[in-house]
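Protein chains: 2
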Amino acid sequence: MKLLKVDSLEQAREKILSHVKSWHLKKEIVMLEMARERILAGDIYAPDDIPSFDRSTVDGYALIALDTAAAGEAIPVYLKQVGTVSMGEPAGLTIRSGECVYVPTGGMLPEGANAVVMIEHCESLGANIAVYEAAAPGAGVALAGEDVKKGQLFLCQGTLIRPQEIGALAASGIMSLPVFVPLKISIISTGDELIPPGQSPRPGEIRDINSYALKAQAEKRAFTVISTQLLPDDESRLETAIKEALDGSDVVIISGGSSQGEKDYTEKIMDNITRPGVFTRGLALKPGKPTILGWDEESQTLLAGLPGHPVAAMMVFELLLGWLCDNLFELTPPFQIPARISCNLPGTPGRAVCQPVKLRMDGEGYSAEPVFGKSGMITTLTQADGYIIIDLNKEGLKKDEPVKVQLFN
Amino acid sequence: MKLLKVDSLEQAREKILSHVKSWHLKKEIVMLEMARERILAGDIYAPDDIPSFDRSTVDGYALIALDTAAAGEAIPVYLKQVGTVSMGEPAGLTIRSGECVYVPTGGMLPEGANAVVMIEHCESLGANIAVYEAAAPGAGVALAGEDVKKGQLFLCQGTLIRPQEIGALAASGIMSLPVFVPLKISIISTGDELIPPGQSPRPGEIRDINSYALKAQAEKRAFTVISTQLLPDDESRLETAIKEALDGSDVVIISGGSSQGEKDYTEKIMDNITRPGVFTRGLALKPGKPTILGWDEESQTLLAGLPGHPVAAMMVFELLLGWLCDNLFELTPPFQIPARISCNLPGTPGRAVCQPVKLRMDGEGYSAEPVFGKSGMITTLTQADGYIIIDLNKEGLKKDEPVKVQLFN
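In order, the protein sequences belong to chains A and B. Counting from 1 along the first sequence, just add 1239 to a position and that's the residue number in this note's numbering. Counting from 1 along the second sequence, just add 1239 to a position and that's the residue number in this note's numbering.
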């Protein structure tokens, strides 16, 4: 692989976007109960005011604020109680100056009233109520539309639906909503040495990690995994498998076979069977250099040849395909944990470094401790809470330098 | 509600734990493919070394390190190539001093070899190989067991299974594993003013948010929601519903009816039908004061009467029941984002304050901006990224004071 042709992470991302911009992102309607963790595919405007009527926020007496102007802890104002509002019922009456009505928390404010004084500041004297507090207009009241106004944009396209969004949608009576259809992904893991994890390796063989780990990564993101398969480094079988995967997939991942060895067929096959074909031949990223990206215009499929080493494969998946989901579906980029690096950490000239780290609470802040390991070691990732990226123009990090840690969520 | 009887968050948590410690947490065996996001219910020891044999980490020549001691960029050492290792095959030969064998990345190291020199630092001269680099013992080699040693504890009980854990389990050939069975929860939402969200409210009525929002919260945690229902404030119907829920549930949530109004029946019913019954009558938390907690020894059920206001209900759920899951299943507590508060924020004497915040990147760090809103407003939570807790002994926060933000994940 000639180093000059290698793309930076940013270049590779731009090229991916320039191709997938022709995708028509599909939407589907789901029931509210099924919408959790889906991504909203459209802006939601409030169909009604929430609340739909002026409500009391306390147990107390609804009244006209001006009537209480002279009231205080020592000298009450006396108002005539002309009724009681029941929860869930229309207030059904109008008050005039000098009058009040009992309203429970959440109860509807009667016509004419503009404040509610808490029961703790009142005294019932039969037909009259002594009010010991001067209320400002609006005190103790949630006005119609104060939470959400009818017609207001209240949830934007690209919102990840959390429990509170489920709640807000329920409050608006929105019982079904548009969400993005996940991207379809096929995962092919290749390597003569690989065996299905359920089998016992003979000398020279190792169990296939990538089809399992990448599938789990894809499922965490907005992908539907439509197939996983394990193949030997056999050019014609690989070519057939990739061709077949192109049809039903938005993205085809081939892990392994992306280096420049004699049995590394990914680049060759992508050159052969896709048009315009390969657009990135190597990434300026450590780990992750042997990454091949291509585009097949006819089937509108993105192809990604990932390194065979599990850590490298997972990091490239995260940085290119996880990132692609966030970008396409307009998700808010994830928050990163500010921390300080626990030791000097060299960079790699001309390559960005993706370094797994463990976070430890250290005094008032977090310390990010690099988890080192040879590139094939999956325990590098099981011991890590997240990762940092050292920019390709940076010589390295000095102990205690601030870093931003992206969690493996 | 008498303020003196109110529990702090910590007191309530301790009391909850003291009761639920008699729960026998159930385990179940799931297939590896189904284990993502489940919680490991047992320690996993490595059944085999990973890798199971000494492997090359580069394409190059396997040799005896000592043989290359004199090699350098200008003056090579000449070794006799006695074979080639194929991927996935036993090396099947032994090398002696003066010999080398070609090994691809991931290939098995032949007997006798203890280092691999990259092909870039070698030159093939027919039967002999010129080696231009002095190799240290172990260079270019991943030793058997270097990633994971046979018998080593490599995943602990309480591990949340992420894609990398799926990968590590696959690498070990662990195709099924013990995970905790989620806790069973029943959710009852009560209020005369509440209608199912699919209906149109008449004056005085509002749509039920809590059974939807709390269900979604429970599903994010290790709970299985076995029922949700909406009931009016009718003592006998509520009592029947709670009694029925006790049988099949580990936790019964009743939202609404937990204040001291005449139609607030939760505390009374819990006192009537459970033994030893109510142990917390009010929380020193804002929002969340009207929270009633109880225990029914016979059915081994935790009962939680939550405030009817959605924001308060969701926060108390998070702080008591979400916390309970993390604690019971020994999960690592979630990471919090260090930030600075964007404005002065008063505390509430004698009560901890749970304040929703929005995070903004502000120079090098995050600024946490409080999202204010009356307690019934669900948009307080949809606009927030997370929350902070102001300790009940703290008068408040000064602008720019450091805070830790717990994300609503």
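No lab work stands behind these hints, which were simulated from the structure alone. All values derive from a computational prediction rather than experimental measurement. Just to be clear, a hint being listed does not mean it is correct.
When chains are identical, the list treats them as one kind, so a pair holds in a single copy or across two.
[What the hints assert, rightly or not] Listed next, the in silico EDC-like pairs over lysine to aspartate or glutamate satisfying Cα-Cα at most 20 angstroms (straight line):
#1 Lys1502 x Glu1328
#2 Lys1643 x Glu1603
#3 Lys1482 x Glu1328
#4 Lys1613 x Asp1601
#5 Lys1254 x Glu1501
#6 Lys1266 x Glu1483
#7 Lys1319 x Glu1483
#8 Lys1266 x Glu1640
Lys1266 and Glu1483: within-copy, between-copy, both or neither at 20 angstroms Cα: neither (25 angstroms within a copy, 40 angstroms between copies)
Intra- versus inter-copy proximity for Glu1328 and Lys1482 (alpha-carbon distance at most 20 angstroms): Intra 65 angstroms, inter 28 angstroms, cutoff 20 angstroms: neither.
Intra- versus inter-copy proximity for Asp1601 and Lys1613 (alpha-carbon distance at most 20 angstroms): Neither, since 27 angstroms and 37 angstroms both go past 20 angstroms.
20 angstroms Cα threshold - placement of Glu1483 relative to Lys1319: Neither way: Lys1319 and Glu1483 sit 81 angstroms apart in one copy and 45 angstroms across, limit 20 angstroms.
Copy assignment of Lys1266 with Glu1640, given that the CA separation must stay at most 20 angstroms: neither (44 angstroms within a copy, 43 angstroms between copies)
Lys1502 and Glu1328: within-copy, between-copy, both or neither at 20 angstroms Cα: between (76 angstroms within a copy, 15 angstroms between copies)
20 angstroms Cα threshold - placement of Glu1603 relative to Lys1643: Intra 16 angstroms, inter 10 angstroms, cutoff 20 angstroms: intra and inter.
Within, between, both or neither, where Lys1254 and Glu1501 count as close if Cα-Cα is 20 angstroms or less: neither (27 angstroms within a copy, 66 angstroms between copies)
The structure fails hints 3, 4, 5, 6, 7, 8 (numbered hints given earlier, in ascending order).
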